[in-house]
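Residue numbers (the numbering used here), protein chains in the order written: chain A, 59 to 261; chain B, 566 to 799.
The hints are simulated quantities; they were obtained by calculation from the structure and are not laboratory data. All residues carry an ideal CB built from backbone N, CA and C; glycine is no exception. Don't take every hint at face value.
Straight line, CA to CA, 27 angstroms or less: simulated DSSO-like cross-link-like pairs of lysine-lysine [to be verified]:
#1 B:LYS795 - B:LYS625
#2 A:LYS88 - B:LYS662
#3 B:LYS795 - A:LYS87
#4 B:LYS662 - B:LYS756
#5 B:LYS627 - B:LYS641
#6 A:LYS190 - A:LYS88
Output of the computed footprint for chain B on chain A, the stretches with three or more beta carbons under 8 angstroms from beta carbons of chain B [said to hold, decoys possible]:
#7 92-101
#8 163-177
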Amino acid sequence: MHIAEGVLSPAVLATGYALTAAGTALGLKKLDYDQLMTVAILAATFFVGSLIHVPIGITSAHLILNGLLGVILGWAAFPAILAALALQALLFQFGGLVVLGVNTFTMGFSAVVAGYVFRGLCRAWPTPAGQKIAAFCGGALGVMGAGLLTAVALASSDEGFATAARLLFLAHLPIMLAEGLITMLTVGFIARVRPEMLRLSAA
Amino acid sequence: MHSICSRRAFSPTLPALLSTLFLLFTLALPHAAQAHRVNIFAWTEGDQVVAECGFNGGNKVKQGQVVVYDAATGAKLQEGRTDDQGVYRFPVPAEGKGHGLRIVVKAGEGHQNEWMMDAAELAAVQTPAIPASASEAKDAAASAAEKTSPVTHAVSTATPGAKGAAAPIPSAAGVSSGELQTIVNTALDVKLGPIRRELAEMRVSRPGFSEIFGGIGWLVGLAGIALYFKGRRG
Chain A
59 MHIAEGVLSP
69 AVLATGYALT
79 AAGTALGLKK
89 LDYDQLMTVA
99 ILAATFFVGS
109 LIHVPIGITS
119 AHLILNGLLG
129 VILGWAAFPA
139 ILAALALQAL
149 LFQFGGLVVL
159 GVNTFTMGFS
169 AVVAGYVFRG
179 LCRAWPTPAG
189 QKIAAFCGGA
199 LGVMGAGLLT
209 AVALASSDEG
219 FATAARLLFL
229 AHLPIMLAEG
239 LITMLTVGFI
249 ARVRPEMLRL
259 SAA
Chain B
566 MHSICSRRAF
576 SPTLPALLST
586 LFLLFTLALP
596 HAAQAHRVNI
606 FAWTEGDQVV
616 AECGFNGGNK
626 VKQGQVVVYD
636 AATGAKLQEG
646 RTDDQGVYRF
656 PVPAEGKGHG
666 LRIVVKAGEG
676 HQNEWMMDAA
686 ELAAVQTPAI
696 PASASEAKDA
706 AASAAEKTSP
716 VTHAVSTATP
726 GAKGAAAPIP
736 SAAGVSSGEL
746 QTIVNTALDV
756 KLGPIRRELA
766 EMRVSRPGFS
776 EIFGGIGWLV
786 GLAGIALYFK
796 GRRG
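Isolated chain B, as found in the complex:
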């Protein structure tokens, strides 16, 4: 108590202690960090758009409302709720291919964010079966994928015996170019999905140390400027 009283005359003590307090807070950040902002990112997977929504703290937006708008006209195209993983999937709307999409998540309590999706990104989706509806296209992809397995099976059994080598060729040729394209697209989607997701996630910025200390610097700098002008006035 005595030492505290004697320190009373030394004015910088308190600011110094307060600043160490918030420095301690910042040091505790890497695990406890991030706040209450809702994030959304979306990518294409097959003929679908996948939108993932989460709070900055890492929690997923469960049963959050997602509304999809036409980016050019602003017309509402689709509406739904995220599942417990914070994911909402929907087939690519035809309008999106021409104009792009604006995907908005409303997580309640004034939390809202949006994700813009380029027409170019969506136009590249699902080239072979454009006239087919989304579900039909999916079935086509699935049946095409089934067809591939007997082919590979045939190849593996055929290789030991040279006599059977002719067998797989007709069945491989039986796959039309359209089906082949679907197969390749499905395989590519499976492989590229995680990469697309990661790329999309990277576009969501998160506060890092440079932002935190930059902000603190700004506040102290502003006070310094105010002190300077007040000091000049006397």
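Only chain A is shown next, with the shape it has when bound in the complex:
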């Protein structure tokens, strides 16, 4: 899901940075003291998650875990993803600093949307089973949204929206399933051990 340097036009890159700046500012504003360490740990999980490679079919897609971040952190997923992606660009040469804005927005915004979907479903269906399904949807939606937004960003490149969207969706289908399950298990665990961390009543 990391777009490489030199693919996008300056206009798309600048838009990406502007949207990322807005999202990060909002995320930092909503971030409170108690949440800081959770943000750091989840940012580290996101940072490492991209190295876990799911070998299905001929494509080589990796975990993204942005849905998990969105479900647990809400808007605070933005600064977490920004920091993790910056380090991935510097240390692993995934993506790059020029496209950092676009990449953060595609993964960060879909994370926030996944978080809202999770909270909405949890409120509509406040049972343990409902929570499980909500968490699965959150995890899977994070990946799908990131793929969709990446395809939008690539729409102006020579690849075009339709081709990119189709390829990204097919390549990430197993990832969506895997991340749905990971998010479901993690949320289930947190709900048992520290339910206040999910902030279901607050949001």
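Since the structure of chain A is provided, determine the placement of chain B on it from the hints.
Same frame as chain A, but now just chain B:
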């Protein structure tokens, strides 16, 4: 269930569990590692440039688009697709010898990477038959290589009998210095090819444990700094 509930008061449990979770992930790395970045590396082999493209996971880029640009002027010189081994070969363009080459691979889905090739590396390629086109040069190399085998054959048959010793000398002398150079170059290319490939591959960096743990350290450190400032403010 009871023990879990009693742990609820002990706040560091969850961060500790989460961190062990991603530590387990990192321990699973050596075999499952590496992600979705496209790599390209190129080296010269005979009169050709060989570019090999692969994803970090070890998969080859099949039918990926490769575009070759003049490094100085940016003009497009060559375009093609990789085979199923992720390899694209092309003859060294004349422009590349003066300016160097920029080889770009576009693997789709926003994956792109490039490899710079020095003019110096390309200029050293194929000294004897510069005016000949790439295919002609190849033929020349092949025929020269054929010529070598009768020579060696003659030597091996000649050695037992001292009388025939004179026979190989004229035929060895019949090889012109230009042909000899081509023969030596071909032999050197065969021997040096794998080494060049390995050297080129080494220039592609892959994330190791120092990068992974360095990154995790950075993130925790950043949170620590934020906590410190927030704590000071009260």
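Checked hints:
no. : hint                : in the structure
1   : B:LYS795 - B:LYS625 : violated (48 angstroms)
2   : A:LYS88 - B:LYS662  : violated (57 angstroms)
3   : B:LYS795 - A:LYS87  : holds (13 angstroms)
4   : B:LYS662 - B:LYS756 : holds (23 angstroms)
5   : B:LYS627 - B:LYS641 : holds (22 angstroms)
6   : A:LYS190 - A:LYS88  : holds (25 angstroms)
7   : 92-101              : holds (count 8)
8   : 163-177             : violated (count 0)
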